[in-house]
Amino acid sequence: LLAGAALSGLIGVAAMLALIRHTRLKDDAALCLTLSVFYGAGVALLGLVQQQGGAAAGLEGYIVGKTASMGRKDVQAIAVVAALSGLVCLALFKEFKLLCFDAGFAQARGMSVLALDAALMATVVAVTIVGEQAVGLILIVALLITPAAAARFWTDRLGRMAALSAAIGALGGYLGASASALFSKLPSGPMIVLACAAMFGLSFLFGSARGVLVRLKRRAALDRSVDRQRLLIALAEATEAGASRTEIADRLGWSHGRLNRALRRSADCVDVGSNVRLTAAGQRQAAHTLRQRRLWELLLEMDPEAGPGLVDRGAESIEEALDPETVAALSERLNAEENSVPQPGGAV
Amino acid sequence: MATWDWQIDGWTVLIGALCAVAASLLGNFLVLRRMTFLGDAISHAVLPGIAVAFFLSASRTSLPIFVGAVIAGALTSALSEAVRRFGRVDEGAAIGVTFTSLFALGLILIVQAADKVHLDPDCVLHGTLEMAWLDTVPVLGAEVPRTALTLGVVTLLNALFVTLFFKELKISSFDPALATTSGYSAALMHYGLMILVAVTTVASFEAVGSVLVVAMFVAPPAAAYLLTDRLGVMIGLSVLLAVASAVLGHIGALEVPRPFGFKSTTTAGMIAVAAGGLLLLAALFGPNHGVLIKALRRKANRRSTAE
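Chains as they are written, first to last, in my numbering: chain A, 1310 to 1657; chain B, 2 to 308.
No lab work stands behind these hints, which were simulated from the structure alone. Treat the hints with care, as some may be off.
To be verified - Example chain A residues on the side facing chain B (calculated, C-beta under 8 Å, incomplete): (1) 1338; (2) 1418; (3) 1448; (4) 1499.
Keep in mind that this is a model prediction, so the values were computed, not measured. Think of the CB as a built atom: it goes at the ideal place given N, C-alpha and C, for glycine as much as any other residue.
Looking at chain B on its own, in the form it has when it is part of the complex (with noise of 0.2 Å):
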């Protein structure tokens, strides 16, 4: 067993677990509007938006870029929207030529100003996890790491609203129609999802990445779906699942490498596949949904059929 040292693995896990905590939360509502695709087009477009917004406020500190996201963010969605609605082009094409054209855009601007923006790579694919317990900020005498403040925030807000508004979330992902007749604005609740999407994105930037947020975003609630049928249930066992994903993950990307010959691989991707095959079983062995639970059942079926 690798030497554990709490504090440079404790922050990992605590970090990676706060991520995917963060966007688990919002993600259960992507599985069930089918918006997942937005998601992951949200996430890739605020790339640009954060680069704009470093390029303009020429700074590192965290308002600026989060301000540049968001409003990449919503472009995204409001244009992706507009596209849909007056070119009658369907939803996935309209989303994809948006977000693509945006971002091709905000490289282009990158490039151009590759002088004062550098756009690390690594960021980008698979953030830098492993660094992230280094760079701390003093917090009440105790030294923590910047990205675990961020995402904590990010972490609570998301709670906050998942929380607040968990009535007109659930009927306007289940009935879009019946929210708008009871006064609940569901293109509000459609925003704000969207805003909160690109803040989290942002957030998990430098743990992550942008692309693997994605995975977190809805890995676990995808598991959750496949466990039950209940929104509460599912919400809370998305962000046990998530937990799960992040410590397995972390585990895994020392452990797992080793008898293989190698040091240990990156966390993020590992938290990734951890909250894949956590699905996986959901997937198989799911008490009400699972592939194994349908099978028997069937099997059964059949038996009592033919006497």
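For reference, chain A alone in the conformation it holds in the complex (with noise of 0.2 Å):
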């Protein structure tokens, strides 16, 4: 039965490899036809098959799937898979990550893309086979994808994110399963997916390297070094006597909110009194600020091409973000730019 399956699963991804390789249809398209098409035969045979008196394959539990009626067997199969396949995972985990991000670098490099995706394949039917009578047919998409999604907000490393995301979905099965013992009316086989759905959620949240509160606070980590360097250049340009809170907030087009926050910040480079000045360490500061930013613009004067990709607005000195020899020569134009007309400080 299982070898029908693996069979049948193995010719629909030969046959979506081949749409995808000699038709002009793309991916999706190619994914969905094989599907659709692989399930109608399959759907059409099961109408014979229950004809001839066959066992009618447990329809419902092909959907649900039936984690509760898996016998010692069942488990021992699964097990079997899933080692299996993680030791091919462990194998070629070199591969799999060439073939992922750079497959045309695999295939100069010699390794066969077409091999190896077969095997990626073969890997997948085979944990869909014996995922599906726990889970059911479209559930197992779900353990597939949602575990390693969750994971994938956690690091950027591939490494850790396959290890992280087994993690996930080893508790998400106990979590689902332990659930749906303990409380009635609850099939296992969707808890166990809303309880890795639930761990997605918290991830996308959460998630240390690429969750939202993180962005979010990367994000007004920038805002706050940008208003900084604005603030310290507009109090460069005015006089010596300084200028009024109403009149730096009105230059830079900020609320007196903002504006406020930004001083308290940036306390060591400003003197509030009645009027805002620069204190000398907030000169040299505006200094080195207006300096950096006038080396960007002579960057992006150079190399009006290339040069928007290489700004990065983040970086404390341009000596970060670029290389010595870019850096020496934009130096070079500055030194040259000041020494031949006295030129105003650069736009707020």
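Taking the hints as your guide, dock the two standalone chains into a single complex.
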């Protein structure tokens, strides 16, 4: 029974890959096509089987899975397949990684992309077949995708992501099955999927590498840094006596609240009295910032095509962001500029 | 040749054809916009929507079910878009996570309300097309199967949508930015398409089940895509191929099992197979993009460059 499923699955994968390679159909269309047409064939064949009086193959279990009614043999089968696929993934880790990120390079290095694709797909087929018994047809898709997607929020490194996704999947399986066993009328397959989905949701919000909260924090930090730079430059352009808060706020286009917050954060650089002025330290900072800004502008003037891609507003100094030769060239130009004609400060 | 009873088989083919045509009309744009996966997801996701509507309305009338399905479809589409945008998640993964989670939720709700809602697995998986002709309503004096009526309305609706918004759909499928600057709302087209996908799925539920309807969405348009480069022609071809699949599918369901000693098999399954077969023919022998033609061209090229 499982052998038939495996064969059909592999043929399906082969058909899909063939469609993508030889026709102009895109991968999503090829996927859905293979899926639904093979499904139709299966349904048609099933219709024949049912007439023969064969077992109705438990169609309902097919949708929902039958975790509760699995026996020892089923568990053994799942364990074996899981172990084997884990081994395959470990052994071919480097190759799969390359396949995912740069298939062209892999091909150039002599790896057969087709063979790797086939190996990956075969593993997926095997896992799907055993997994379907546990959680059903549609939900196995959830288990293939959700733990991995959740893990993605916590790291940028594939190895860690893989390990974490395995852990999340295991935890989801445990929590879901337990919940289903403890409470009545909670089918196990969907509960497992919901447990994984809940972990996805948590990772979505709190993930340390790409979670929403972390990105908001990073964004806020960047905003603060840019505001500080603009404040310093605006103050540098004011007269010796400084300027009133209202004048500066107007100049920058900020509200008073925003200005006050920025002033508090830059307390080491500013002197706040009836007028706002720069301290000595502040003047040095402002000069540094102005120079940085001018260097970036020179880069964009020098190289309008590649320049914009290199700009990093978050970098503390241009030396961190660019290579030494470029920085040296830009500095030369800046010095020549400063020595030839007195320039007004850069735009706020 | 099996006995052909026009009352049974005629209606069966007609219902199958209507379902196929309704789906193919929309499927053209799903294929072009590379949104077939979203279409597939929606067709799965409407299932819990239908069940919830069943449960809440406790009636078998169609309208609450359609509303439930539309809500489920719109929810799937909106949620997966939100996940993609705010989580910077890949589109396929976002759709996969969303619709499976919603589906799981729906299944749990169905099981919880098992006494009020009976989920017939046959209906879900492959529909009950062979029985559809039995359930009739009187229309203008004649007895018309309810499914045919529903599907007929949906087909008309889809045809109207595609015809009225042909220009907008065309531009927003190929160049969404141009569409927006031209004043058409690409987002509106997107949501309109998705809602109609949900409606079509529900209408096809009893005919071919929610899983096979995907074959109807994708196979005839994909075959048409391989046969022509012009959108209008593609839509027309997909309709023709859809009808052909329905006819061939039903005949196949009755005839093909015979030599092997069986009686007949499910029409819905065979319609999907027929559609797949037509696609294969188109892929191999298509006049511009077929594999055969390309191989012949390559040979001719090699010969001419060798000279």
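Now for the hints, and whether the structure bears them out:
no. : hint : verdict
1   : 1338 : holds, 5 Å
2   : 1418 : violated, 25 Å
3   : 1448 : holds, 6 Å
4   : 1499 : holds, 4 Å
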